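*Asks:* Generate coordinates for the entire structure from the input sequences, incorporating the hints supplied.
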Amino acid sequence: MRIGIVCPYSWDVPGGVQFHIRDLAEYFIRLGHEVSVLAPADDDTPLPPYVVSAGRAVPVPYNGSVARLNFGFLSAARVRRWLHEGKFDVVHIHEPTSPSLGLLTCWAAQGPIVATFHTSNPRSRAMIAAYSILQAALEKISARIAVSEYARRTLVEHLGGDAVVIPNGVDVDFFGKAEPKPEWQGDTIGFMGRIDEPRKGLPVLMRALPAILAARPHARLLVAGRGDEEAAVADLPAGLRSRVEFLGMISDEDKARFLRSVDLYVAPNTGGESFGIILVEAMSAGAPVLASDLDAFVQVLDQGGAGELFANEDADALAAAAVRLLGNPARLAELRERGSAHVRRFDWSTVGADILSVYETVTAGAAAVAADERTSGLRARFGLARD
Amino acid sequence: MTATLIWILVALVAIGVYLSWTAGRLDRLHVRMDAARAALDAQLLRRASVAQELATSGVLDPAASIVLYEAAHAARQAEEEQREVAESELSQALRAVFADTAQVEALREAPGGEDAAHELAEAVRRVPMARRFHNDAVGAARRLREHRKVRWFRLAGHAPFPLAVEMDDEPPAALVERAS
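Protein chains in written order, with numbering that gives the first Met the number 0: chain A, 0 to 386; chain B, 0 to 179.
These aren't lab readings, by the way, just hints derived from the structure by calculation.
The structure displayed is predicted, hence computed values, not measured ones.
You can take every hint at face value.
Part of the chain A face toward chain B, derived, beta carbon under 7 angstroms:
| id | residue |
| --- | --- |
| 1 | Ala-135 |
| 2 | Gly-160 |
| 3 | Ala-363 |
Which chain B residues stay away from chain A? Per the calculated CB distances, all over 10 angstroms, these:
| id | residue |
| --- | --- |
| 4 | Met-0 |
| 5 | Ile-7 |
| 6 | Glu-104 |
| 7 | Asp-114 |
| 8 | Met-166 |
| 9 | Asp-167 |
Here a beta-carbon is modelled for each residue, glycine too, at the ideal position from N, C-alpha and C.
*Replies:* See the structure below:
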């Protein structure tokens, strides 16, 4: 099968969607499919052979922050050329509502289009204003995929229609086979994520830490992620600061070893999560998980069956649960076992096969993807066509 | 006077272009809906065929074979109006026959059973998928068709009003669970 995948965000900036697309593309290539990924990238960044650059993304203020987006005449032309040369059986667009390559592809293509909705952003003002334009482009999508039941609900509420739920994939064995690091073991609590992004929840964990250390003086908190380390421990009593170790940004291999080593992984995120891939990675590595009860987390943890939950933003509840778990090795072992069994459904072998069956369902009884002649035909009528 | 005429002309052309674009949009939605319907039909037919094959293969016990054969046969022969009911009954029959993991295991161990189980699992997983995609297309087409501009200018022509497919397509849990 010839598969075209559209990545809306810069290939050179690490991010969840980019990693998802990379793993998906490589999974399909291993199965013998022909894959081409269209992604924004600087012209001098080295790209894997299956990635086609759509030019540099331009930073513009959008939706309250500066986003790097691709739009305009040149990008549209590149999208059109990529579609024309690719002769794809199916095009898979990620994040089609961001005003970038995804939307441009929707606009320019016809034929079987699959789209994955990753985030569950509340509808922005721009989206309401552009609703009719967006709707005209989005109604070309033959199959919509949401990464969680929560993401699907937001999608249905804001855009109408329906979607199938296929979770994000993880290479379970990569995490499961990692070698634990002795210095990260022994009454350790793990946290991973941007330190200075409050929605990742480190402040909640810091508020809970004194109570945890009072009950278990030998416990240590390991923090992996970028950000201001001084500011993160500012509110902590000076005597306890030595119990917090900052590891900074860590590589993929170290991430697997980190998750494999810690005695308890804590995800105190306070919002903004539509899936929770880190929980799946932690469970793959066999780490017992304690997470806030966000909708997305509750679902990933099988309603609490595969990991423990605490009331969101409640530092006392977090401390109580952490102390109880760290003092109960039998329960930790049980969580490890349940997590490892539960996580198989997020392995690429399952997730990839599901996505492939979506492709096969939409391509059955449909022609291949082509550049939409109607839009260029209309342009030709006004003498605006390129060729 | 001439200026007014020109403006009226310009407005008419603009409205014409807009309506033509909307008609194109609607046409595209109808094409998508037809493709989705064809895909759903293909998956339903595939499911019924595999079920019927299994029923006549002698792998299942006679009672289960008869139940499954009846349902699969009815689903394949059903008239358009009876189709949703017949397919729902096939879903129920499949759930009843493959209610136990033991039955699925027994099927897998029979000669050629692994392939048959795989084929059936694929089919029962894709039917709900295809139906969801179809109903999504139907919803989009209906939203556009209910709009004033489409109704007033009869842009939909004689195309029948799109109808969603409502049926029970819950797959047997024991069959789709992939313990690896």
